[in-house]
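**Student:** Sequence:
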Amino acid sequence: MPKASELKRGMIVDIEGIPHVVRQFESKSPSSRGAATLYKVRFNNLKTRQKLDLSLKGDDLLKDADCQRVRVQYSYKDVESFVFMNLEDYSQYTVDADSLEGQSEYLIEQQEDIVALLMDGVLLGIELPQSV
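The opening residue of the sequence shown carries number 5 in the numbering used here; numbering runs sequentially from there.
In short, the hints are calculated from the structure, not lab data. There's no promise every hint is true.
With a straight-line cut-off of 35 Å between C-alpha atoms, the simulated DSBU-like cross-links for lysine-lysine are [as the list claims (entries may be wrong)]:
1) K55 with K7
2) K32 with K61
3) K55 with K32
4) K7 with K32
5) K44 with K7
6) K12 with K67
All chains should be modelled from the sequences, with the hints used to inform the complete structure.
**Tutor:** Okay, structure coming up:
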């Protein structure tokens, strides 16, 4: 269970039983002594694509989404989607360009060090390596 202070862009958390991905993360320092640092976080609902803005304290706990992490290879870009191949069973997953907001420009064809986040066999998002 990550704390609000440990959140990063692209992380997937469970909010009220629905998976959400962190799109923006901003910390606000308090103006008075003793006040806790606030974190303004923008989430996207992975099922409906709706935005959710929350203000959280640093020690607020969020629940990890029940996602399966699988190593994939970026295969190619289709008209409006990206295609990834599972390196274990060679199955293919497609995801629309909106789901990879801010990540698509770092993808290189045949890139293998990508982790796909799957829920019920559907690709929700990807985690890029630390350096690309």
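**Student:** So, for every hint listed, does it hold in this structure?
**Tutor:** Consistency of the hints with the structure:
About 20 Å separates the Cα atoms of K55 and K7, which keeps this hinted pair within 35 Å; it holds. Taking the CA atoms of K32 and K61, the gap is near 10 Å; set against the 35 Å cutoff, the hint holds. The suggested pairing of K55 with K32 holds, with an alpha-carbon distance near 20 Å, which does not exceed 35 Å. Of the pairs offered as hints, the one joining K7 and K32 holds, with about 16 Å between alpha carbons and a cut-off of 35 Å not exceeded.
Between the alpha carbons of K44 and K7 the distance comes to roughly 13 Å, so the proposed pair stays at or under 35 Å and holds. Distance check on the hinted pair: K12 and K67 sit about 14 Å apart at the alpha-carbon level, within 35 Å; holds.
Comparing the model with each numbered hint stated earlier shows that all of them hold.
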